Amino acid sequence: MSLSILGARVIDPTSGLDSVTDLHVSEGKLVGLGAAPAGFSASQSIDATGLIAAPGLVDLNVALREPGYSRKGTIASETRAAAAGGVTSLCCPPQTKPILDTSAVTELILDRAREAGHCKVYPIGALSKGLEGEQLAELVALRDAGCIAFGNGLRSFPNNRTLCRALEYAATFDLTVIFNSQDHDLAKGGLAHEGPTASFLGLVGIPETAETVALARDLLLVEQSGVRAHFSQLTTARGVQLIADAQARGLPVTADVALYQLILTDEALIDFSSLYHVQPPLRTRKDRDGLREAVKAGVVQAISSHHQPHERDAKLAPFAATEPGISSVELLLPLALTLVEDGLLDLPTLLARLSSGPAQAMRIAAGELKVGAAADIVLFDRNASTVAGENWLSKGQNSPFLGHCLPGEVRHTLMDGHFSFGG
Amino acid sequence: MTPHDAKRPLQLNAQGQLRHFLSLDGLPRALLTEILDTADSFLEVGARAVKKVPLLRGKTVCNVFFENSTRTRTTFELAAQRLSADVITLNVSTSSTSKGETLFDTLRNLEAMAADMFVVRHSDSGAAHFIAEHVCPDVAIINGGDGRHSHPTQGMLDMLTIRRHKGGFENLSVAIVGDILHSRVARSNMLALKALGCPDIRVVGPKTLLPVGVEQYGVKVYTDLAQGLKDVDVVIMLRLQRERMQGGLLPSEGEFYRLFGLTTARLAGAKPDAIVMHPGPINRGVEIESAVADGAQSVILNQVTYGIAVRMAVLSMAMSGQTAQRQFEQENVQ
Chain A
1 MSLSILGARV IDPTSGLDSV TDLHVSEGKL VGLGAAPAGF SASQSIDATG LIAAPGLVDL
61 NVALREPGYS RKGTIASETR AAAAGGVTSL CCPPQTKPIL DTSAVTELIL DRAREAGHCK
121 VYPIGALSKG LEGEQLAELV ALRDAGCIAF GNGLRSFPNN RTLCRALEYA ATFDLTVIFN
181 SQDHDLAKGG LAHEGPTASF LGLVGIPETA ETVALARDLL LVEQSGVRAH FSQLTTARGV
241 QLIADAQARG LPVTADVALY QLILTDEALI DFSSLYHVQP PLRTRKDRDG LREAVKAGVV
301 QAISSHHQPH ERDAKLAPFA ATEPGISSVE LLLPLALTLV EDGLLDLPTL LARLSSGPAQ
361 AMRIAAGELK VGAAADIVLF DRNASTVAGE NWLSKGQNSP FLGHCLPGEV RHTLMDGHFS
421 FGG
Chain L
424 MTPHDAKRPL QLNAQGQLRH FLSLDGLPRA LLTEILDTAD SFLEVGARAV KKVPLLRGKT
484 VCNVFFENST RTRTTFELAA QRLSADVITL NVSTSSTSKG ETLFDTLRNL EAMAADMFVV
544 RHSDSGAAHF IAEHVCPDVA IINGGDGRHS HPTQGMLDML TIRRHKGGFE NLSVAIVGDI
604 LHSRVARSNM LALKALGCPD IRVVGPKTLL PVGVEQYGVK VYTDLAQGLK DVDVVIMLRL
664 QRERMQGGLL PSEGEFYRLF GLTTARLAGA KPDAIVMHPG PINRGVEIES AVADGAQSVI
724 LNQVTYGIAV RMAVLSMAMS GQTAQRQFEQ ENVQ
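Those sequence lines, one after another, are chains A and L.
Those letters in the first sequence? Residues 1 to 423, per my numbering, in order.
Those letters in the second sequence? Residues 424 to 757, per my numbering, in order.
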């Protein structure tokens with residue numbers, strides 16, 4: 001198939017391109033920007049006047065729930081939801097059942113993702129076997145099977161020496177390690193940010209120091225081991241300050257935040273609504289503002305959905321008994337556009353945080369509109385709006401944004417030149 | 424953009440009457456006073472030879488306790504019986520949940536048995552809110568204690584105790600002493616005292632037992648018992664659970680008693696006519712000296728008596744508010 005996308009405002013954060021022009025696609029690749037290459041004839045063309053064309057979004061954390069939790073979501077359902085949110089590449093975390101610590105599970109995920117054909121999937125392997133933090137997973141075998149990076153989720157290593165060795169081993173092979181820094185003991189039993197809201201509701205708190213203590217340790221170990229590191233799902237203003245300080249002294253670490261952390265605060269918990277139960281928790285207004293500033297300044301290069309779909313029953317219990325997480329990938333672009341509406345970011349910067357930033361952090365060949373590269377493109381209308389939930393695709397209905405009218409509407413998502421959404 | 428979390432008055436009906444009793448948060452002073460006035464009138468019922476009034480005749484009140492209780496459960500049973508309701512009590516911790524039945528299913532089943540009111544105690548903060556919002560919105564839900572969050576009938580019986588012994592709240596100094604962090608009683612008392620106009624509310628305890636941001640309740644924080652008790656009219660002691668010695672909250676019962684235990688000598692720093700309260704069960708020699716617990720200034724057993732009257736007031740008010748709401752909704756449908 002060959003395709004011409006005519007008259008869109010084309011924004012490519014990597015090259016700095018931002019102008020009304022045409023895009024030409026053939027055999028899954030972007031073959032022309034502006035004028036079509038010699039001999040090109042489009043079998044299909046889209047009049048994209050008034051639309052914005054940008055690199056397909058790259059989401060660093062989308063729980064696909066398969067294998068093991070298909071009542072919450074499947075690789076087919078959640079990658080389809082991701083495509084509706086403008087995503088063409090995504091990383092899936094290792095908390096599957098069985099845990100993503102073998103080549104077999106990696107291959108299963110990749111096979112099913114290819115079969116579904118909605119998104120390019122890059123699995124994040126377990127850093128330790130079973131995520132137990134005691135024995136290393138076969139990192140090189142996992143890399144060879146297709147794992148893009150390695151992490152241990154929120155389950156910290158019980159022993160700093162083992163963690164240190166894991167990092168040195170990963171550094172040997174230039175593997176990327178993803179940290180979700182949270183001190184297990186300081187966070188133990190916690191349900192919400194330790195502050196006035198949690199105190200008022202009688203919910204066990206997770207202090208800011210649960211993140212900063214672990215983060216400070218992790219940064220020092222990264223520095224010592226020389227491992228390539230990415231810090232995921234930061235929630236505190238003090239935490240992003242630690243990242244900024246490390247970057248300032250030359251440590252090449254990258255970071256992401258969950259999009260909902262840039263929008264919600266712990267004040268949302270006041271009715272005990274389990275839709276706001278997330279781990280790590282929603283923090284204060286001050287933290288949210290600190291995260292927003294870090295995204296703006298580029299200390300945080302990536303905004304991710306941290307999509308966690310759940311079945312209805314998982315949220316239908318008293319707050320403490322519910323499972324944490326928000327089903328969010330499907331709204332990634334419209335929800336992120338609220339940051340432009342709020343005046344925090346200009347559109348090219350936002351698109352950088354959603355595509356080139358995360359792609360570079362994980363060394364994924366994606367996130368730019370380059371002739372010769374894969375035609376992964378999102379086309380959206382900034383002036384239209386999306387009513388969240390109107391055409392819901394994720395198996396997880398657990399979104400506090402359902403029913404909200406959000407800015408912008410994804411019209412088409414193209415992966416390798418074919419329509420993965422809005423054909 | 425803000426999330427859709429507009430605070431709905433879940434526990435009030437369209438006319439502003441109680442239809443559930445979940446928390447004292449957001450209840451107007453007039454409503455709290457109405458509860459106290461109604462409870463006062465029920466105290467006379469308790470003093471009569473025939474201790475029953477027919478207000479809840481034909482209604483079924485179901486006590487569902489997911490957490491152990493003796494005093495609260497018994498006084499709720501007596502309150503419902505004195506209102507002529509049919510009462511059943513389930514200790515769920517020992518029955519359905521051990522068979523894997525969820526809170527949701529347990530309550531739906533009870534609702535199908537045509538219960539008109541649930542009194543619920545649960546170890547999770549927010550459990551009563553969850554039930555009123557998502558499980559049985561048409562059954563009056565009375566919170567008999569949820570996690571660390573709220574114990575509103577205890578809060579109101581404490582207020583009745585204070586009002587009957589001190590006449591009002593306007594010129595009082597009240598100290599709440601001990602494990603504030605884990606206490607739903609302390610949270611309910613702070614809210615009630617504030618709403619009823621008490622000008623000097625103090626909390627006293629070590630930092631490990633004080634919730635972060637406790638000042639939001641409009642209270643003054645003391646870490647020294649002598650200062651915290653100075654010239655107060657009311658001392659509310661809280662129970663200290665034995666398991667608090669684990670995990671570094673406190674070094675020992677002995678050290679806690681030496682620093683925060685209420686002894687005769689310590690009580691002498693309060694006003695001479697100060698009253699001593701405790702939600703029970705008391706730990707003699709851990710948070711309170713026997714001579715104080717059994718002394719002339721102690722009103723601990725009065726609290727138990729008043730507890731029945733307060734629970735009668737809340738049960739009858741919530742039942743009538745819930746009935747009115749259902750009638751209102753039916754009329755609006757037709």
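Mixed in with the good hints there might be a few duds.
As the list claims (entries may be wrong) - Pair by pair, the computed Cβ-Cβ distance ranges are:
| hint | chain 1 | residue 1 | chain 2 | residue 2 | range |
| --- | --- | --- | --- | --- | --- |
| 1 | A | A373 | L | R531 | 27 to 33 Å |
| 2 | L | I511 | A | R165 | 56 to 62 Å |
| 3 | L | L513 | A | K286 | 44 to 50 Å |
| 4 | L | S546 | A | K286 | 29 to 35 Å |
| 5 | L | N755 | A | I270 | 27 to 33 Å |
| 6 | A | H418 | L | Q639 | 53 to 59 Å |
| 7 | A | I270 | L | R749 | 26 to 32 Å |
| 8 | L | G671 | A | D416 | 30 to 36 Å |
| 9 | A | E138 | L | R531 | 36 to 42 Å |
| 10 | A | P158 | L | G671 | 26 to 32 Å |
| 11 | A | I270 | L | G671 | 56 to 62 Å |
Stated by the list, open to error - Derived EDC-like pairs: lysine to aspartate or glutamate, alpha-carbon spacing no greater than 20 Å straight-line:
| hint | chain 1 | residue 1 | chain 2 | residue 2 |
| --- | --- | --- | --- | --- |
| 12 | L | K694 | L | E638 |
| 13 | A | K296 | A | D346 |
| 14 | A | K97 | A | D47 |
| 15 | L | K617 | L | D509 |
| 16 | L | K630 | A | E208 |
| 17 | L | K630 | A | D185 |
| 18 | A | K97 | A | E138 |
| 19 | A | K296 | A | E223 |
| 20 | A | K286 | L | E457 |
| 21 | L | K617 | L | E457 |
| 22 | L | K475 | L | D509 |
| 23 | A | K188 | L | E457 |
Derived from the structure by calculation, the hints contain no laboratory data.
Quick caveat, the model's predicted, so the values are computed rather than measured.
Every residue gets a Cβ at the ideal spot worked out from N, C-alpha and C, and that includes glycine.
Hint check:
Checked against the given bound of 27 to 33 Å, the beta carbons of A:A373 and L:R531, roughly 55 Å apart, lie outside it. Separation of L:I511 from A:R165 is about 60 Å and conforms to the stated range, judged on CB atoms against 56 to 62 Å. For L:L513 and A:K286, the Cβ-Cβ distance of about 45 Å falls inside the hinted range of 44 to 50 Å, so the restraint holds. For L:S546 and A:K286, the hinted distance range of 29 to 35 Å is satisfied, since their beta carbons lie about 32 Å from each other.
Remark: the range hint 27 to 33 Å for L:N755 to A:I270 is upheld by a beta-carbon distance near 28 Å. Between A:H418 and L:Q639 the beta carbons are some 55 Å apart, a value that agrees with the proposed interval 53 to 59 Å. Here the CB-CB span from A:I270 to L:R749 is close to 27 Å, well matched to the stated 26 to 32 Å. For the hinted restraint 30 to 36 Å between L:G671 and A:D416, the CB-CB distance of approximately 56 Å leaves it violated.
In this structure the hint that A:E138 and L:R531 lie 36 to 42 Å apart at CB is violated, the actual value being about 48 Å. The beta-carbon spacing between A:P158 and L:G671, approximately 19 Å, falls outside the hinted interval of 26 to 32 Å. Checking the proposed 56 to 62 Å range against A:I270 and L:G671 shows it is violated: the Cβ atoms sit about 30 Å from each other. A threshold of 20 Å between alpha carbons decides the hint, and for L:K694 with L:E638 the separation of about 24 Å lies outside it, so the pair is violated.
A distance of roughly 9 Å separates the Cα atoms of A:K296 and A:D346; the hinted pair therefore holds under the 20 Å criterion. For the hint pairing A:K97 with A:D47, the CA-to-CA distance comes to about 45 Å; that exceeds 20 Å, so the pair is violated. Distance restraint check for L:K617 and L:D509: the Cα-Cα separation of roughly 35 Å exceeds the 20 Å cut-off, and the hinted pair is therefore not satisfied. A hinted pair counts as satisfied when its Cα atoms are at most 20 Å apart, and L:K630 with A:E208 qualifies at roughly 17 Å.
Between L:K630 and A:D185, the direct Cα distance comes to roughly 19 Å. Compliance with the 20 Å bound is thereby established for this hinted pair. A C-alpha spacing of about 17 Å is found between A:K97 and A:E138, which places the hinted pair at or below 20 Å, so the restraint holds. Among the hinted pairs, A:K296 with A:E223 is inconsistent with the structure: their alpha-carbon atoms are about 25 Å apart, more than 20 Å. A threshold of 20 Å between alpha carbons decides the hint, and for A:K286 with L:E457 the separation of about 40 Å lies outside it, so the pair is violated.
For the hint linking L:K617 to L:E457, the alpha-carbon distance of about 16 Å falls within 20 Å, and the restraint holds. For a cut-off of 20 Å, the pair hint linking L:K475 to L:D509 stands: about 13 Å separates their Cα positions. Pair hint A:K188 plus L:E457 does not hold up; C-alpha atoms about 42 Å apart against a cutoff of 20 Å.
The structure is inconsistent with the numbered hints 1, 8, 9, 10, 11, 12, 14, 15, 19, 20, 23, although it conforms to all the rest.
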